[in-house]
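Chemist: If you want the building blocks of each chain, they are given just below.
Number of protein chains: 4
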Amino acid sequence: MLEELKEEVCQANLDLVKEGLVIQTFGNVSGIDREKGLVVIKPSGVSYDVMKPEHMVVLELASGKVVEGNLRPSSDTPTHLVLYRAFANVGGIVHTHSLYATAWAQAKRSIPALGTTHADYWHGDIPCTRLMRPEEIAGEYEAKTGDVIVETFGNTDPMHKPSVIVASHGPFAWGKDAHDAVHNAAILEYVAKLASLSLQIVPSTGEMQSELLDKHFLRKHGPKAYYGQK
Amino acid sequence: MLEELKEEVCQANLDLVKEGLVIQTFGNVSGIDREKGLVVIKPSGVSYDVMKPEHMVVLELASGKVVEGNLRPSSDTPTHLVLYRAFANVGGIVHTHSLYATAWAQAKRSIPALGTTHADYWHGDIPCTRLMRPEEIAGEYEAKTGDVIVETFGNTDPMHKPSVIVASHGPFAWGKDAHDAVHNAAILEYVAKLASLSLQIVPSTGEMQSELLDKHFLRKHGPKAYYGQK
Amino acid sequence: MLEELKEEVCQANLDLVKEGLVIQTFGNVSGIDREKGLVVIKPSGVSYDVMKPEHMVVLELASGKVVEGNLRPSSDTPTHLVLYRAFANVGGIVHTHSLYATAWAQAKRSIPALGTTHADYWHGDIPCTRLMRPEEIAGEYEAKTGDVIVETFGNTDPMHKPSVIVASHGPFAWGKDAHDAVHNAAILEYVAKLASLSLQIVPSTGEMQSELLDKHFLRKHGPKAYYGQK
Amino acid sequence: MLEELKEEVCQANLDLVKEGLVIQTFGNVSGIDREKGLVVIKPSGVSYDVMKPEHMVVLELASGKVVEGNLRPSSDTPTHLVLYRAFANVGGIVHTHSLYATAWAQAKRSIPALGTTHADYWHGDIPCTRLMRPEEIAGEYEAKTGDVIVETFGNTDPMHKPSVIVASHGPFAWGKDAHDAVHNAAILEYVAKLASLSLQIVPSTGEMQSELLDKHFLRKHGPKAYYGQK
Numbered sequence: 001m002l003e004e005l006k007e008e009v010c011q012a013n014l015d016l017v018k019e020g021l022v023i024q025t026f027g028n029v030s031g032i033d034r035e036k037g038l039v040v041i042k043p044s045g046v047s048y049d050v051m052k053p054e055h056m057v058v059l060e061l062a063s064g065k066v067v068e069g070n071l072r073p074s075s076d077t078p079t080h081l082v083l084y085r086a087f088a089n090v091g092g093i094v095h096t097h098s099l100y101a102t103a104w105a106q107a108k109r110s111i112p113a114l115g116t117t118h119a120d121y122w123h124g125d126i127p128c129t130r131l132m133r134p135e136e137i138a139g140e141y142e143a144k145t146g147d148v149i150v151e152t153f154g155n156t157d158p159m160h161k162p163s164v165i166v167a168s169h170g171p172f173a174w175g176k177d178a179h180d181a182v183h184n185a186a187i188l189e190y191v192a193k194l195a196s197l198s199l200q201i202v203p204s205t206g207e208m209q210s211e212l213l214d215k216h217f218l219r220k221h222g223p224k225a226y227y228g229q230k
Numbered sequence: 001m002l003e004e005l006k007e008e009v010c011q012a013n014l015d016l017v018k019e020g021l022v023i024q025t026f027g028n029v030s031g032i033d034r035e036k037g038l039v040v041i042k043p044s045g046v047s048y049d050v051m052k053p054e055h056m057v058v059l060e061l062a063s064g065k066v067v068e069g070n071l072r073p074s075s076d077t078p079t080h081l082v083l084y085r086a087f088a089n090v091g092g093i094v095h096t097h098s099l100y101a102t103a104w105a106q107a108k109r110s111i112p113a114l115g116t117t118h119a120d121y122w123h124g125d126i127p128c129t130r131l132m133r134p135e136e137i138a139g140e141y142e143a144k145t146g147d148v149i150v151e152t153f154g155n156t157d158p159m160h161k162p163s164v165i166v167a168s169h170g171p172f173a174w175g176k177d178a179h180d181a182v183h184n185a186a187i188l189e190y191v192a193k194l195a196s197l198s199l200q201i202v203p204s205t206g207e208m209q210s211e212l213l214d215k216h217f218l219r220k221h222g223p224k225a226y227y228g229q230k
Numbered sequence: 001m002l003e004e005l006k007e008e009v010c011q012a013n014l015d016l017v018k019e020g021l022v023i024q025t026f027g028n029v030s031g032i033d034r035e036k037g038l039v040v041i042k043p044s045g046v047s048y049d050v051m052k053p054e055h056m057v058v059l060e061l062a063s064g065k066v067v068e069g070n071l072r073p074s075s076d077t078p079t080h081l082v083l084y085r086a087f088a089n090v091g092g093i094v095h096t097h098s099l100y101a102t103a104w105a106q107a108k109r110s111i112p113a114l115g116t117t118h119a120d121y122w123h124g125d126i127p128c129t130r131l132m133r134p135e136e137i138a139g140e141y142e143a144k145t146g147d148v149i150v151e152t153f154g155n156t157d158p159m160h161k162p163s164v165i166v167a168s169h170g171p172f173a174w175g176k177d178a179h180d181a182v183h184n185a186a187i188l189e190y191v192a193k194l195a196s197l198s199l200q201i202v203p204s205t206g207e208m209q210s211e212l213l214d215k216h217f218l219r220k221h222g223p224k225a226y227y228g229q230k
Numbered sequence: 001m002l003e004e005l006k007e008e009v010c011q012a013n014l015d016l017v018k019e020g021l022v023i024q025t026f027g028n029v030s031g032i033d034r035e036k037g038l039v040v041i042k043p044s045g046v047s048y049d050v051m052k053p054e055h056m057v058v059l060e061l062a063s064g065k066v067v068e069g070n071l072r073p074s075s076d077t078p079t080h081l082v083l084y085r086a087f088a089n090v091g092g093i094v095h096t097h098s099l100y101a102t103a104w105a106q107a108k109r110s111i112p113a114l115g116t117t118h119a120d121y122w123h124g125d126i127p128c129t130r131l132m133r134p135e136e137i138a139g140e141y142e143a144k145t146g147d148v149i150v151e152t153f154g155n156t157d158p159m160h161k162p163s164v165i166v167a168s169h170g171p172f173a174w175g176k177d178a179h180d181a182v183h184n185a186a187i188l189e190y191v192a193k194l195a196s197l198s199l200q201i202v203p204s205t206g207e208m209q210s211e212l213l214d215k216h217f218l219r220k221h222g223p224k225a226y227y228g229q230k
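Protein chains in written order, with the UniProt record's numbering: chain B, 1 to 230; chain R, 1 to 230; chain P, 1 to 230; chain X, 1 to 230.
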């Protein structure tokens, strides 16, 4: 069942390690088959050393019920499901505790757009969620984490800002598939590091010009893109 | 004598190097056999390149006397012994000069709980000891180091905060065995780095919400844990 | 056509990866054959894993027209062409988003000469360009980026300061050929990191003495150089 | 001639690379044969990839004249000679532009003793030299660099503080032989990094207690040392 997607999601999880985005068993990647309405995700607390495609867990998007797999799905699964339901174009989702993105999350501050490296991927800042309310934490915490992310985005196209910083927690990133989501999580970590270094050099560094932000984002995205091979 | 424990402790010492927690001959790991009342620890000043299980030194917990081994035990042995006597559930202890944990120790500041990565392991801040008194330094310095750690913990369950920062010195971490202690020392280093980066980004960053701290610690520890495979 | 130069430019692009100056497909290197008036540059958005000399694109310096190659040239090509036209001694040019140099660019601050490591390569600060005007960004953006760099240098000999920081963007570096340009880009990154660390240690750190700056630059460059083997 | 010492000095130069203390051709190590009054040092500007014992240059300590070797000695040779003449117990000297030690040099600030890692090697701060005078820079610059280091130490035993930070330049370290000097240069870099991180966490961090400084230095050095195997 969904052999190709399980392989892709497994590989994307292993790529998290290769990209230096996770330590220990932290972090998880999922992918979705929109036609079948099924999500494939990493099992909970399994070591990356031994992870194989057959360990991946398959769930129904609508109900969240496991339809294949002997292991429990990642404890963050409810967050992934909420995001897939709200963000219709998203094909893969990543959660990590990567160093610099998590440091921003702990600082509870959105990552401002300071340069073209950032603007090539995000059309504006990388937003930080509001603090969760005690009743959200006490209840269906992981699903509520998804709700808070969706609330943060409002009408913003999630493909124009392919990641978020969950306050006091860490980043979620996404893309058109699991591989693309990992790519965006890697760029996020680089951009988060760049921004923290710029602030260290000049603490009052402000956002880049909006004209330059638009130019770089639209040079790579949208109908007038001219970057890369056609 | 205690062949299995000596192998485990030796391996744990070598894992310190693999985890990037030590340079040169700094750092040491010990393990305990509670039934026999014997502690196994790294010898003093021996290079990691040539370290083997048979180099490990065996001591009596009660008396601190060496009962096996031709080499002198780590000069920090008296600290380990004091901790094993006071912390009845601890099965392994690690001391390192790992970079970020030691930087906090030199800054003489407890590491505040700023995010869920921290809360998954420590139920509150990672405490920094008080300065030692001149007579403590002049006397049985290494044993007094242990006493100051025990004083710092008071009635706190050491398994709810599996490490400490010794002021102007460096970290000690522990766990249910030597391997687990090294794991906690590695997470400590990551958490110490995360916290220093968050403070660099927003110098006034305060502690995370207590509800979120509780949620994450109790999700992984205690009777209601639901993280990982059962 | 220009087989040797294509090989050199391809190798220089791969060296960017080896030196840790690029992630993903960011970054590009070009080289020039002044006699023939031809420039060789990396294609746009091609992965470093599969890059070969035959992928390099050949353009006319005067017209900017592609004269060989099936792939589109790097989107930064117009910047390279403007610099080759203005800086007659330059034989190779590098653009990267390397971490520390880009952090300075985002902070919109010239890198001050703080020590002899810097002074061995730059005879003064590493200048940051002015912000680009909206009409420059909206128009021939990449060519205008080159114009702003040339404006920044004025009468300064570009070989006395073999790099620039483009505000809110990143560094360009150059040298007598493509290989030398990569070398200078690597030293730039090191010097940018050194300077940011010095400012972190002492935020008010000022420029080094001009006598020491002159001594080190002239010890390695110009008619009285005595560093290295003759 | 001095085959053993040439091999040792060559190996120590290569160890600089292995320890991550040099980039490019920066950095040099020398060793001395006190009985013969001869110094062995790295040649100037030769790549580490191809460096062999037979490339090492042999000079007379008293006159500074080359007595063996076809290559020019390191341009920093006069500094090494001045230090060997003034510091009678020193058997090996290292100069690097290692990252954190150089960042302190550029900040023109002595590295304060903040913890036991530091105190295990230096009995007090790691001093920064005064600025050199224009006439010192214009004249025999490299020899004057040595003079300023000697002036900085005054009556301090150089084996109690086995390194110095030359203002706006970088570190020199030494030891009982070339290998020991490289070891001290590596610890210096670690200690410099630790101190900069502690200052980042708590900018007002002050020196450690003098009792603890004495305890740790004397635990490893001098007649009452009890660290390591006897």
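Calculated from the structure, these hints are not laboratory results. Mixed in with the good hints there might be a few duds.
Taking lysine-lysine and the DSS-like style, the derived pairs with C-alpha atoms no more than 30 Å apart in a straight line are [to be verified]:
#1 B/Lys220 <-> P/Lys65
#2 X/Lys18 <-> P/Lys193
#3 R/Lys176 <-> R/Lys193
#4 P/Lys193 <-> R/Lys193
#5 P/Lys18 <-> B/Lys220
#6 R/Lys224 <-> R/Lys65
#7 B/Lys18 <-> X/Lys220
#8 X/Lys215 <-> P/Lys161
#9 P/Lys18 <-> X/Lys52
#10 B/Lys18 <-> B/Lys224
#11 R/Lys161 <-> R/Lys144
#12 P/Lys18 <-> R/Lys193
#13 X/Lys193 <-> B/Lys18
#14 R/Lys144 <-> B/Lys52
#15 X/Lys18 <-> R/Lys144
#16 X/Lys52 <-> X/Lys65
#17 R/Lys193 <-> X/Lys144
Covered by chain X, per the in silico footprint, the following chain R stretches (three or more residues, Cβ under 8 Å) [said to hold, decoys possible]:
#18 81-95
#19 132-139
#20 175-182
DEER-style ranges, computed between Cβ atoms [stated by the list, open to error]:
#21 P/Lys220 <-> R/Val202: 39 to 45 Å
#22 P/Gln24 <-> R/Glu3: 22 to 28 Å
#23 X/Leu61 <-> R/Glu3: 52 to 58 Å
#24 P/Lys220 <-> X/Gly64: 17 to 23 Å
#25 B/Arg130 <-> P/Ala138: 58 to 64 Å
#26 R/Ser63 <-> X/Leu61: 37 to 43 Å
#27 X/Leu61 <-> R/Val202: 52 to 58 Å
#28 R/Pro203 <-> B/Lys176: 51 to 57 Å
#29 P/Lys65 <-> B/Ala62: 55 to 61 Å
#30 R/Glu4 <-> X/Leu61: 52 to 58 Å
Each residue gets a CB set at the ideal place from its N, CA and C atoms; glycine is no exception.
Chemist: Would you mind marking each hint as holding or not holding in the structure?
Modeler: Here is how each hint holds up against the structure:
| no. | hint | verdict |
| --- | --- | --- |
| 1 | B/Lys220 <-> P/Lys65 | holds (23 Å) |
| 2 | X/Lys18 <-> P/Lys193 | holds (20 Å) |
| 3 | R/Lys176 <-> R/Lys193 | holds (24 Å) |
| 4 | P/Lys193 <-> R/Lys193 | holds (18 Å) |
| 5 | P/Lys18 <-> B/Lys220 | holds (26 Å) |
| 6 | R/Lys224 <-> R/Lys65 | violated (42 Å) |
| 7 | B/Lys18 <-> X/Lys220 | violated (41 Å) |
| 8 | X/Lys215 <-> P/Lys161 | violated (50 Å) |
| 9 | P/Lys18 <-> X/Lys52 | holds (24 Å) |
| 10 | B/Lys18 <-> B/Lys224 | violated (33 Å) |
| 11 | R/Lys161 <-> R/Lys144 | holds (20 Å) |
| 12 | P/Lys18 <-> R/Lys193 | holds (26 Å) |
| 13 | X/Lys193 <-> B/Lys18 | holds (26 Å) |
| 14 | R/Lys144 <-> B/Lys52 | violated (49 Å) |
| 15 | X/Lys18 <-> R/Lys144 | violated (38 Å) |
| 16 | X/Lys52 <-> X/Lys65 | holds (21 Å) |
| 17 | R/Lys193 <-> X/Lys144 | violated (41 Å) |
| 18 | 81-95 | violated (count 0) |
| 19 | 132-139 | holds (count 4) |
| 20 | 175-182 | violated (count 0) |
| 21 | P/Lys220 <-> R/Val202: 39 to 45 Å | holds (42 Å) |
| 22 | P/Gln24 <-> R/Glu3: 22 to 28 Å | violated (50 Å) |
| 23 | X/Leu61 <-> R/Glu3: 52 to 58 Å | holds (54 Å) |
| 24 | P/Lys220 <-> X/Gly64: 17 to 23 Å | holds (22 Å) |
| 25 | B/Arg130 <-> P/Ala138: 58 to 64 Å | violated (36 Å) |
| 26 | R/Ser63 <-> X/Leu61: 37 to 43 Å | violated (55 Å) |
| 27 | X/Leu61 <-> R/Val202: 52 to 58 Å | holds (55 Å) |
| 28 | R/Pro203 <-> B/Lys176: 51 to 57 Å | violated (38 Å) |
| 29 | P/Lys65 <-> B/Ala62: 55 to 61 Å | holds (56 Å) |
| 30 | R/Glu4 <-> X/Leu61: 52 to 58 Å | holds (57 Å) |
When the structure is compared with the earlier hints, violations turn up for hints 6, 7, 8, 10, 14, 15, 17, 18, 20, 22, 25, 26, 28 and for no others.
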